[in-house]
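A.B. asks: Here the protein sequences line up with chains A and B, keeping their order.
Numbered according to my numbering, the first sequence terminates at residue 606, and the numbering increases by one at each position without gaps.
Numbered according to my numbering, the second sequence terminates at residue 1318, and the numbering increases by one at each position without gaps.
Simulated from the structure, these hints should not be mistaken for lab results.
Please read all numbers here as calculations on a predicted model, not as lab measurements.
Misleading hints may appear alongside valid ones.
Unchecked claim - Below, a list of computed lysine to aspartate or glutamate pairs in the DMTMM-like style, where the Cα atoms sit at most 25 Å apart:
#1 K445/A with E1256/B
#2 K135/A with E1256/B
#3 K127/A with E1304/B
Here are the chains, one letter per residue:
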Amino acid sequence: MKGGGKLPPRIEKIDTGDEIFERGRGSGARIISHAKRGFPLWKVRAVPHRRVPFGNGVKRVIKRVAKCCCLFMVLALTVVPLGAQQSPASAPSSSDAAQPEIPKGLNDKLADLDKRVTAAQSAGDNAWMLVSAALVLMMTGPGLALFYGGLVRRKNTLAIMMQSFAMMGLITVLWALVGYSLCFGGNGPVIGDFGHAFLRGVGADPNPDYAGTIPQMTFMIYQLMFAVITPALITGATAERMKFSGTVLFMTLWFLIVYAPLAHMVWGKGGLLNASLGGKFPTLDFAGGTVVHISSGVSALVCALYMGKRTGFPKQPMPPHSLVLSFIGACLLWVGWFGFNAGSALSAGSLASSAFVATHFGAAGAAVAWSLAEWIKNGKVSALGAISGAVAGLVAITPAAGFVGPMPALVIGFAAGAFCYFMVTRVKAIFGYDDALDAFGVHGAGGTIGALLTGVFAQEVINPIFGAGKPVGGLDHHWGQVGNQLVGIAFAWGFALVGTLVILKITDLVTGFRVTEDQEQEGLDVTQHGEEAYYLDM
Amino acid sequence: MMKLEAIIQPSRFESVKDALREAGIEGMTVTEVRGHGRQKGHTEVYRGREYTVDLLPKIKLEMVLPDKLVNLVVDTILKTAKTGKIGDGKIFLTRVDEAIRIRNEERGESAL
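With the hints as extra help, turn the sequences into a complete structure.
C.D. replies: Below you can see the structure in the form of structure tokens.
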């Protein structure tokens, strides 16, 4: 054997009767190192050198160029129609022609007709809103539970699912007691009040400040579902090492200290960032890009940095234990998101349709973009990549859904898919933080880029949020809106960063935040919940 | 009495089983195992992180045979389990001291 301890410069045949050879790239044979198996060197039989017109190397380059051209063409096709006119969303028109003297009988009839028309509109809106509320709850359970559940190792499946499910119970109770009031009561700039504590005054009558055609109860229950899923998203970063007791305490405080103020500032009456109710820095956030995704994503990053990496990360392999579960979860998330975004129209009219379409296009665009990125980088499109891309697109389109047209939605999706792919695969590897299920990479990053692009692509013709005829976003040449978006993004980042750090400290002192190393090795299902996710019958 | 342990490719298992049955050999214990000899594994990528999977699925056949049947079984397995490629597997033979049938407490080769 020539070459000493290094790989031999020439290739030889083994004399054991076993022949091992590998066809290599281009011409000749490639030597593969398998040093980790304890074999000192590999011996490879030479493949005769053949001159071919297109060797494998050239073919690969052509393939890569073709894929890049595909990507460019798709991008170009989506950008070009941006110049097209959008058909305006029809606004409900009220007839207010000056009325001459009407006989009393006719007047009574008109009043009665008015009442019934209002009731009919309310019925349509209410039906859609109740369905939307159910869809958003489905996003948490089982959507997110399955999505996250499949991504962790088998021994931690129940634990991560429980963390989502626990929010369904915990946040609901908090919401009923004080949560709704803190988010949507009063008219303070930063936080609500206790006027609606214990849901006082929340009944069948609409709240004209928020949704004038549906009972306030519907509005309340719809908003609750957002408050449920937001903290659940954070658990993605702390997966496989977070104590359940710590989760309960942390999420209670997080909901009160981070979520409620942000929700109030963006959506509540008098809120600093409220675009529709005259906030000082009107931030366009249709369904919660800042309130839900940036807040949870950034908090997730802070938690991941604070509690440190999982034992064995990154050397020990920790692949998803069931991508089937994640797949189902992701699809449930996509469908549920129609309730999340289109339901944020708070009515069943054409704005809901517009938001519905934008949502779907954002998801699809991002799934395609992430898949293309993987195809170019790895030569294969993975299921995990495709579904992650779709979720990233849904996150990014969340603030934009009711403000942008379908073509811009596609572009936002594309941008989010590519950007989040970069964040998850490259940036995470560079900085080395253990955001276990990419809560920051998808929600934090996706929410940020989505909120920014909302300012760029928002149009008055889709949603005249500042008043009829008033420009909304960049496509209306109101580029100042991008600045407002930055303010909103900064608020979300700031609240999430500071609030989370404070809450982490408190939680660590009271219940502890991270499990012990032994508990982590044995698995959270057994140690935190006394159960096994898959009981093998032996 | 010899214990025969054969590690074979999962795709060859059905043919091996049928061939053994046709040869009149009864009784075997089968387990699904993972392992490798010199066979190369493959790489899987999850969200940008690469994992090398080099423990490959195999089938382990265990049989305890009277001495006179050993050669027949070995030849049968060699004929049906061979594909000629790396990863075909191996057969190991060890001597067995005693065999006991639980039902009627028979001992020796008649217990096999």
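A.B. asks: Hints numbered earlier in the text: which of these fail when held up against the supplied structure?
C.D. replies: Result: hint 3 breaks, nothing else.
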